[in-house]
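Chemist: Listed below are the residues making up each chain.
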Amino acid sequence: MSFKSGIAKVAGKSSYWFLHNVLKGGTSFPGKFAMKIDPNVLNSLAKGYETVIVTGTNGKTMTTALIVEALKKKYGDVLTNPSGSNMQQGIVTAFLAHKHKHVKRKIAVLEVDEANVKMVTKLLHPSVFVLTNIFRDQMDRYGEIYTTYDKIVDGIKLAPDATIIANGDASIFSSVEFPNKKIFYGFKLPDDKPENDLKAPVNTDGVLCPKCDHILHYHSRIYANLGDFFCPNCGYDRPDLTFTVNNILEQTPNSLKFQMGNKDYSINIGGTYNIYNALAAYSVARHFGLTEAEVAQAFAENKRIFGRQELIHYGNKDIDLILVKNPVGLDEVLHMLNTEKDDYSLVALLNANHADGIDTSWIWDADFEGLNKDKIKKVLVGGQRWHDMGFRLEIAGFDPGTMSTNPDYDSLIEEIKKLPTKKVYILSTYTAMLALRKKMAEKKIIKAGM
Amino acid sequence: MSDKLIKIAYLYEDLMNTYGDSGDVKILSFLLKREGYDTQVDNISLGDEFNAFDYDFVFFGGGQDFEQTVVAKDLPRHKETLRKYINDDKPMLCICGGYQLMGSYYKTNSGVTIPGLDILPLHTVFKSDKRMIGDTRYMTEWGEVKAFENHSGQTYFDNKDKLHPLGDMIEGYGNNPQDHVEGLRYRNFIGSYSHGPLLKNTNVANAIMKMIIAWHQERVSEAKKVTE
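As they're listed, the protein sequences go chains R and X.
For what it's worth, UniProt numbering labels the leading residue of the first sequence as 1, then goes sequentially.
For what it's worth, UniProt numbering labels the leading residue of the second sequence as 1, then goes sequentially.
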C-alpha cells in the first residue's frame, strides 16, 4: 500500500467512525473524503478480496442481499455495500466500514450502478460479474438499453479472467462475444416446449434478434423480454443454461415457492422478478461451492430480506412499501398485486426529481389497465406529480370517486390510517419514498435510516 | 363495418414503444369511449400488410435509435398509402422518431444518412452532444401545451410555406435550438417531439378526437354506399 493510500484509508476510516458513531449517518461522505486524498484508494482497500460485481437494471439490491446471505453460510464474513449505495463513494465507504474478521476467503459482493462498472472494474479486478437484466430505465438519465449494456461491456472487457454469471433468458447478454468463462441461468418451466411459438406483448422493449434484427419469439416467456427466446428467421436462440428454475410452486405478494435443480426453495417476498434474483444468487453460491441444502437454508432464514420492498405495520394496517422506477419493474409489481387474495388499498406516489427521472412518461408504458380493480377499495395519489399519476389511473379505468389526492405527506399518512382495508400497497418513486419514510420516522411509525 | 368501432393503426407498436407515447393512444381510446365509441388498436409491425384507409387514425410513436433504424428499412413499403392518407386530410399523429421518419431523411450521430418516407418536406440531424431534454411549454391553436422532450434529433422544415409548426415555444427547445417552434401541423397530420404523453393535454386530445370522429363518419357512410 502506498503512503498516500495509507493516509486515505486512515482518514476515511476515522471519518466513517466519526459520522457513524457521533453523527449517526454517512453512507458516502467517508468514501468521498478518502478518494479526495487518494483517488485510487479502492485499489488498496480491495487487495486480497475476491469481488463479485452485481449489475443490471432491476434486481441489483435484492440479488446482492441474497448472495451475501448465502455466502455467509459457508464463508462467515462477507463484505457488501448497503442498499442503493452503488456509486463509487458508497463502495469505498463499504470497504472503510467493514470490520475485518479472520476468514479463509475474503469475499466482497458489490451492487454496482451500470454506468460505473468500468471504473469500478479498473480499481477492483473483480472475479465474477453477475448480470441481472437490461430494461429501459429513466431514459433521461441512462439513455437507451444498448447504450447501457455497452457501458457494462466496456467494464467486462477490462477483466477477461473474470467469470460472467448472466441471465440467459435475456437475449442481450449473449449478443456480445467475450473471452471470459460464461455461466447462464434461466427458467426451464414445465410449459417450456419447443413447439410453443409465442410473442412478447407490444409494450416490451429489446425484442429484436441481436444477429438479424427480426422480432424474437419464445417457447416460454416469463416476463417482459425474458424467456426461452428464439429467432424464427436466423435460428439464434437461448444459450445453454447451467442453473435453472424448473417450477414455480406458489406465488403470493409476500411469498414465493419454487424449484431449482432438485430442491424446493421459499423466500418471504413476492414477484416473479424476485425468483430471477434468487436464481442469480443461487448460481453465484453454487459457483462458490455451496451445496443446494446450504443455499436453501440461507434463503429460509427467518430474517426477511427486503431489497427495495419493505413491510410496515401502522395502526391496524399492513403496508407494503414498494419502490418503482421503470415500466418493466412497475409492470411486474402490478402482476404481483394481481396475486393478492384479499381486498386492498393502493397508494401511488410519483415524483420527478433527478433520482426519480425527470420524465414521468414511463408510467404510461406500464399496464395499469390490466390491474384487477375489484380488489382495490380505495386509491390515494400523491407526490409532486400527483396530477399526472391521478390522470394515468383515471385513463386506466379507476373510478375517480374511489381516488383522492394527497400531495402533503402529513395528511397522506392520516389518510392511510383511515383506509377501508387492512392491506395497503404503496408504490412510490425513489425521492417520494425517502420523503414518506422521513415523515413516518418523525411520527415513530418506522425507524430512521434505510 | 360497425358504426361505433374506431380502428387505430399503431405503426410498429412493438418496436417504437419506449417513451410512454402509448399513452396517447390510451387517452384517445378513453375519450372516444366517453363519446360512445369502442376502439380497436392494430399493431402494424415488420413485414405486415397495411392500407391506411382501413383506419380512422394512424399513430406512430418514438422508439430507441436502434429500433428506429430497423423500422426505417421496413417502412418504405407503406409510403404510397400514407402519402395519400395524409394528403387526403386524414388524421395522423407522429411523435419523435415517428415524426422524423415522415421527412426526407435523418442523419445519425455517426454521420449516416437514413432515408425517411419523404412525404413531408423536412429533415433531421442528430447531435448527440446537444441532446434536448426537459420540460416544454408551447402555445398551439388549441391553447397551451405542457410536455417533455428528450431527443438529439434537430428537425428543420425545408418548405416553410407548406409546413406550419404545431406551436410557438414558451419553454424548452422544440424542433431545434434555432427556430423556437415545436412540431408540425399539416392538414390533419400532427408531428411533435412531445412525450409526457402529448395527449395528457386534453385540449389537443379533444381536437384530434374530433378529426377522428369526422373521418370515421365519412368512412362509415362511404362503406354503406358501397354495400347499397
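Derived by calculation from the structure, the hints in this document are not laboratory data.
Don't take every hint at face value.
A partial selection of chain R residues facing chain X, derived with a Cβ cut-off under 7 Å [to be verified]:
hint, residue
1, Tyr-75
2, Asp-150
3, Ser-361
These stretches of chain R come out as covered by chain X in the derived footprint (C-beta under 8 Å, 3 or more residues) [unchecked claim]:
hint, segment
4, 161-173
5, 404-417
Below, simulated DSBU-like cross-link-like pairs (lysine-lysine); rule was C-alpha separation at most 30 Å, straight line [as the list claims (entries may be wrong)]:
hint, chain 1, residue 1, chain 2, residue 2
6, R, Lys-325, X, Lys-127
7, R, Lys-157, X, Lys-130
8, R, Lys-199, X, Lys-79
9, R, Lys-157, X, Lys-79
Glycine included, each C-beta is placed from N, C-alpha and C at the ideal position.
Chemist: Taking the hints in turn, state whether each one holds.
Modeler: Hints and how they fare:
Hint on R:Tyr-75 is violated. Least Cβ distance to chain X is approximately 41 Å, over the 7 Å limit. This hint is violated: R:Asp-150 has a C-beta 11 Å from the nearest C-beta of chain X, more than the 7 Å allowed. Hint status for R:Ser-361 relative to chain X: holds, with the closest Cβ pair at about 3 Å, below 7 Å. As drawn, the segment 161-173 of chain R meets chain X at 0 residues by the rule of a beta-carbon pair under 8 Å; below three, the given contact is violated.
Counting residues of the segment 404-417 of chain R whose C-beta lies closer than 8 Å to any C-beta of chain X gives 0; at least three are required, and the coverage claim is violated. Between R:Lys-325 and X:Lys-127 the alpha-carbon distance is near 28 Å, which keeps this suggested pair within the 30 Å criterion. Pair hint R:Lys-157 plus X:Lys-130 holds up; C-alpha atoms about 29 Å apart against a cutoff of 30 Å. Our distance criterion of 30 Å between C-alpha atoms is met by R:Lys-199 and X:Lys-79, whose separation comes to about 27 Å.
In summary, the hint linking R:Lys-157 to X:Lys-79 is not supported, as the alpha carbons are separated by about 43 Å, beyond the 30 Å threshold.
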